[in-house]
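Colleague: This is what each chain is made of:
There are 2 protein chains.
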Amino acid sequence: MNALDELAESFSRLPGIGKKSALRIASHVLKADDEFIKRFASQLVSLKERIHPCNICGAWTENQPCPICSDPTRDSSIICVVEQPQDVTTINNSHEYNGLFHVLGGVISPLEGIGPAQLRLGELTERVKANGVKEVIIATNPTVEGDTTALYIQRLLQPLEITVTRLASGLPVGGDLEYADRLTLARSFRGRSAF
Amino acid sequence: MNALDELAESFSRLPGIGKKSALRIASHVLKADDEFIKRFASQLVSLKERIHPCNICGAWTENQPCPICSDPTRDSSIICVVEQPQDVTTINNSHEYNGLFHVLGGVISPLEGIGPAQLRLGELTERVKANGVKEVIIATNPTVEGDTTALYIQRLLQPLEITVTRLASGLPVGGDLEYADRLTLARSFRGRSAF
Numbered sequence: 001m002n003a004l005d006e007l008a009e010s011f012s013r014l015p016g017i018g019k020k021s022a023l024r025i026a027s028h029v030l031k032a033d034d035e036f037i038k039r040f041a042s043q044l045v046s047l048k049e050r051i052h053p054c055n056i057c058g059a060w061t062e063n064q065p066c067p068i069c070s071d072p073t074r075d076s077s078i079i080c081v082v083e084q085p086q087d088v089t090t091i092n093n094s095h096e097y098n099g100l101f102h103v104l105g106g107v108i109s110p111l112e113g114i115g116p117a118q119l120r121l122g123e124l125t126e127r128v129k130a131n132g133v134k135e136v137i138i139a140t141n142p143t144v145e146g147d148t149t150a151l152y153i154q155r156l157l158q159p160l161e162i163t164v165t166r167l168a169s170g171l172p173v174g175g176d177l178e179y180a181d182r183l184t185l186a187r188s189f190r191g192r193s194a195f
Numbered sequence: 001m002n003a004l005d006e007l008a009e010s011f012s013r014l015p016g017i018g019k020k021s022a023l024r025i026a027s028h029v030l031k032a033d034d035e036f037i038k039r040f041a042s043q044l045v046s047l048k049e050r051i052h053p054c055n056i057c058g059a060w061t062e063n064q065p066c067p068i069c070s071d072p073t074r075d076s077s078i079i080c081v082v083e084q085p086q087d088v089t090t091i092n093n094s095h096e097y098n099g100l101f102h103v104l105g106g107v108i109s110p111l112e113g114i115g116p117a118q119l120r121l122g123e124l125t126e127r128v129k130a131n132g133v134k135e136v137i138i139a140t141n142p143t144v145e146g147d148t149t150a151l152y153i154q155r156l157l158q159p160l161e162i163t164v165t166r167l168a169s170g171l172p173v174g175g176d177l178e179y180a181d182r183l184t185l186a187r188s189f190r191g192r193s194a195f
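For the protein sequence lines, the chains are E and F, in the order given.
The first sequence finishes on residue 195 if you use the UniProt record's numbering, and the numbering steps up by one all the way, no holes.
The second sequence finishes on residue 195 if you use the UniProt record's numbering, and the numbering steps up by one all the way, no holes.
Chain E extracted, bound-state conformation (with noise of 0.2 Å):
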């Protein structure tokens, strides 16, 4: 096994990435200016260090606390629950949601040995109880798991008299009726709502 060969693998250890093109990667890697790849190996190495999990929100973060729980002008009296730090980003990007996130760092899974103690649910109940929060929103996956933490949630969360929401499940915009399963269009039936 050649050099190539050798980045090859480890660029197919990555997700989504398969040996065809895990090879192409790593060819262009060899026409590729010195520069980027100097930089890009430092960024690899040095990813570790300067991220870690945000204090209060669990996104991941360079500052403590993180640029979005310390923006005065984002709404602190909501609050995004979500399974994964990526899906913070998947949020925030999308503009539509203004207020704070909690990182739950996976999701209730009696197979995986996943139980709420595994959970960041202890700093999600302290939150809601010190800061005046009046929603809670669950963004927890439409999965049998997400949906099952998120009915946990909303049950841990009841006796604070806040409202719990979770996001809406149905057909994706732009998307097609005909390519539909049947239980997403079960839920755009249920969740329909009057013009």
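Hint data in this document are derived by calculation from the structure and do not stem from the laboratory.
Here a beta-carbon is modelled for each residue, glycine too, at the ideal position from N, C-alpha and C.
Nothing false has been slipped in among the hints.
Label-pair restraints from in silico Cβ distances:
no., chain 1, residue 1, chain 2, residue 2, range
1, F, A186, E, G115, 47 to 55 Å
2, E, R39, F, N98, 38 to 46 Å
3, E, E178, F, R13, 33 to 41 Å
4, E, P110, F, K31, 19 to 27 Å
5, E, E161, F, H28, 37 to 45 Å
6, E, M1, F, R190, 25 to 33 Å
Following the hints, complete the assembly by docking chain F onto the known chain E.
Modeller: Below, chain F without anything else, positioned relative to chain E:
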């Protein structure tokens, strides 16, 4: 832009990786083990120092000449002509071919200003003349440029009185050799035809 976004930006500059995939991969790096990351980074940086074109065939190699050119068990009376160095790996991995290779380094493309002079054609003629080559198999991509280049080479080698063949069009027209599957490649080797 934090360290995570910076790394994602670098990943998104690689072929076939979009913005969302890049962020997903960067997030994966955050969770990857340190040993893998260090090895990956050093592979990136050392690639260009370790890998060079073979003096004879032009394929990428760590040693001169490359393992294929220096393998005495390979049939040195056949040369397979390809566009790019990665095509050598693709064909070699199919185990359908046991001759030598010759990398052109591109195809004749007037639009991109690439003429015969920019390709390793002189080296090809030299090799054919010097080493008792009986057959040249042209394995340029089945595209307009690839076909044009194939025809050009066929005419170039005509005076040397050797057999010049072209890979059969079992390859999907308009496709890319790099992404051909093994069976398709095998068929195109078996079904190769004289001009």
